[in-house]
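*Asks:* Could you put the whole structure together from the sequences, leaning on the hints where they help?
Chain by chain, the residues:
Number of protein chains: 2
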Amino acid sequence: MLRDNTTRRRGLRHFSPYNRGVERSDGMRWRTVGAEYLFCNPWCSFRVDEVELPDGVRIGYGVLESGGFAAVVPVTSDGRVVLVKQWRQPVGGFTLELPGGGVEAGEDPREAVQRELREEAGYEARDLVHMYSVHTSPGRSTEVCHLFRCRAEKLDRGPEPEPTEFVSAVEMPISEAREKASRGEITAATTVLGLMLAGGS
Amino acid sequence: MLRDNTTRRRGLRHFSPYNRGVERSDGMRWRTVGAEYLFCNPWCSFRVDEVELPDGVRIGYGVLESGGFAAVVPVTSDGRVVLVKQWRQPVGGFTLELPGGGVEAGEDPREAVQRELREEAGYEARDLVHMYSVHTSPGRSTEVCHLFRCRAEKLDRGPEPEPTEFVSAVEMPISEAREKASRGEITAATTVLGLMLAGGS
Chain A
1 MLRDNTTRRR
11 GLRHFSPYNR
21 GVERSDGMRW
31 RTVGAEYLFC
41 NPWCSFRVDE
51 VELPDGVRIG
61 YGVLESGGFA
71 AVVPVTSDGR
81 VVLVKQWRQP
91 VGGFTLELPG
101 GGVEAGEDPR
111 EAVQRELREE
121 AGYEARDLVH
131 MYSVHTSPGR
141 STEVCHLFRC
151 RAEKLDRGPE
161 PEPTEFVSAV
171 EMPISEAREK
181 ASRGEITAAT
191 TVLGLMLAGG
201 S
Chain B
1 MLRDNTTRRR
11 GLRHFSPYNR
21 GVERSDGMRW
31 RTVGAEYLFC
41 NPWCSFRVDE
51 VELPDGVRIG
61 YGVLESGGFA
71 AVVPVTSDGR
81 VVLVKQWRQP
91 VGGFTLELPG
101 GGVEAGEDPR
111 EAVQRELREE
121 AGYEARDLVH
131 MYSVHTSPGR
141 STEVCHLFRC
151 RAEKLDRGPE
161 PEPTEFVSAV
171 EMPISEAREK
181 ASRGEITAAT
191 TVLGLMLAGG
201 S
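Sequence lines, in order, name chains A and B. Taking the UniProt record's numbering, the leading residue of the first sequence gets 1, the next gets one more, and so forth. Taking the UniProt record's numbering, the leading residue of the second sequence gets 1, the next gets one more, and so forth.
Since the hints were derived computationally from the structure, they do not count as laboratory data. Mixed in with the good hints there might be a few duds.
[Stated by the list, open to error] Distance ranges between label pairs, derived from CB positions:
#1 B:Glu124 / A:Glu52: 33 to 41 Å
#2 B:Arg157 / A:Ser182: 30 to 38 Å
#3 A:Gly34 / B:Glu162: 20 to 28 Å
#4 A:Leu155 / B:Gly34: 38 to 46 Å
#5 B:Glu160 / A:Ile59: 16 to 24 Å
#6 A:Tyr37 / B:Leu155: 37 to 45 Å
#7 B:Lys154 / A:Pro173: 37 to 45 Å
#8 B:Thr76 / A:Pro42: 17 to 25 Å
#9 B:Arg151 / A:Leu155: 48 to 56 Å
#10 A:Glu185 / B:Glu111: 20 to 28 Å
#11 B:Glu153 / A:Leu155: 49 to 57 Å
#12 B:Pro173 / A:Glu153: 38 to 46 Å
[What the hints assert, rightly or not] Cross-link-like lysine to aspartate or glutamate pairs, in silico, DMTMM-like; alpha carbons within 25 Å at most:
#13 A:Lys180 / A:Asp78
#14 A:Lys85 / B:Asp55
#15 B:Lys85 / A:Glu65
#16 B:Lys85 / A:Glu50
#17 A:Lys85 / B:Glu50
#18 B:Lys85 / B:Glu185
All C-beta atoms in this analysis are idealised placements derived from N, C-alpha and C, irrespective of residue type, glycine included.
*Replies:* Take a look at the structure:
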């Protein structure tokens, strides 16, 4: 079940901030000897790499491959932020997070953000500004989040989520969302990062 | 290969900010019908849940189970932050991140931070303050990061990393680390979050 995953990640490669933070030349690097895919679907894969550590010891190392996603801090003209509430199977409950979604192969993360904000929340993204591109869990996963902020302008037609997306939009003053993050009521790392660093009151 | 993972996560459950942000009662919840573990080792597991969506459709959903970790923004009396450089197999390169490590079952995340700061970087953590406990990737993984800040006091004996940890400590003014995060040269989400929100100049 070995395969080349170049194609699925192509959508991220062209986005300049991606991988600037990853240095590749050093005597302490691990050497990858083999890899076996245990699971592949369109959204994520799981592989076990056989790696040789700098001291020559070989171990199996589990890696989650997950396509990148883009998320946005959408702030309305009256200082409210638009979030989405959705079920998150890994944490076994509902979370409040920034609107966003997967970046498809070859897609600009800005387009992904605009599409998801329209579909999930019914807002148009204006004055979109890139904040950070971060690895959500570099010790476990290939996943990258491209984080943006924008002015959010309400669309007359309202949200139009995909039939398989069970999300609802939730609006609140950004100050309230920040308090929720401080109290541990909003817990997604990239959502906390975006809310706290997007500026505005 | 089904198993109960209550025990391995016990170390996180007692830490109060964990899971306050996860709401469990709502008509849009997914129903878990089954689960199969494809991989388990002491550090992470990968399972595929069979879930029933609110519209009755059943799908397989891949979940990475990863024990929580604790990380700290350690700032010296002259405004320098202590980071660690290490190989990260999922991103295929070296990263600069906050010192930290896994929270063992039953362990207080504060103890984990103090131990890792001593071992990886050769510093004692003083005035440890909890900042956030966040889900690194709630759509893909159970992983939680408990984020702290502290004053860092250099130990005479220097770092004493575990023989299997190939990490090196890197010190720089916290202002420089923040610039690196802004330029995309530091990319781990929880490291960016910690650096930007730890306060101090």
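*Asks:* Now tell me, hint by hint, if it's right for this structure.
*Replies:* Cross-check of the supplied hints:
no. : hint                            : verdict
1   : B:Glu124 / A:Glu52: 33 to 41 Å  : 34 Å, holds
2   : B:Arg157 / A:Ser182: 30 to 38 Å : 37 Å, holds
3   : A:Gly34 / B:Glu162: 20 to 28 Å  : 25 Å, holds
4   : A:Leu155 / B:Gly34: 38 to 46 Å  : 39 Å, holds
5   : B:Glu160 / A:Ile59: 16 to 24 Å  : 21 Å, holds
6   : A:Tyr37 / B:Leu155: 37 to 45 Å  : 43 Å, holds
7   : B:Lys154 / A:Pro173: 37 to 45 Å : 43 Å, holds
8   : B:Thr76 / A:Pro42: 17 to 25 Å   : 47 Å, violated
9   : B:Arg151 / A:Leu155: 48 to 56 Å : 49 Å, holds
10  : A:Glu185 / B:Glu111: 20 to 28 Å : 26 Å, holds
11  : B:Glu153 / A:Leu155: 49 to 57 Å : 54 Å, holds
12  : B:Pro173 / A:Glu153: 38 to 46 Å : 40 Å, holds
13  : A:Lys180 / A:Asp78              : 19 Å, holds
14  : A:Lys85 / B:Asp55               : 17 Å, holds
15  : B:Lys85 / A:Glu65               : 22 Å, holds
16  : B:Lys85 / A:Glu50               : 22 Å, holds
17  : A:Lys85 / B:Glu50               : 22 Å, holds
18  : B:Lys85 / B:Glu185              : 12 Å, holds
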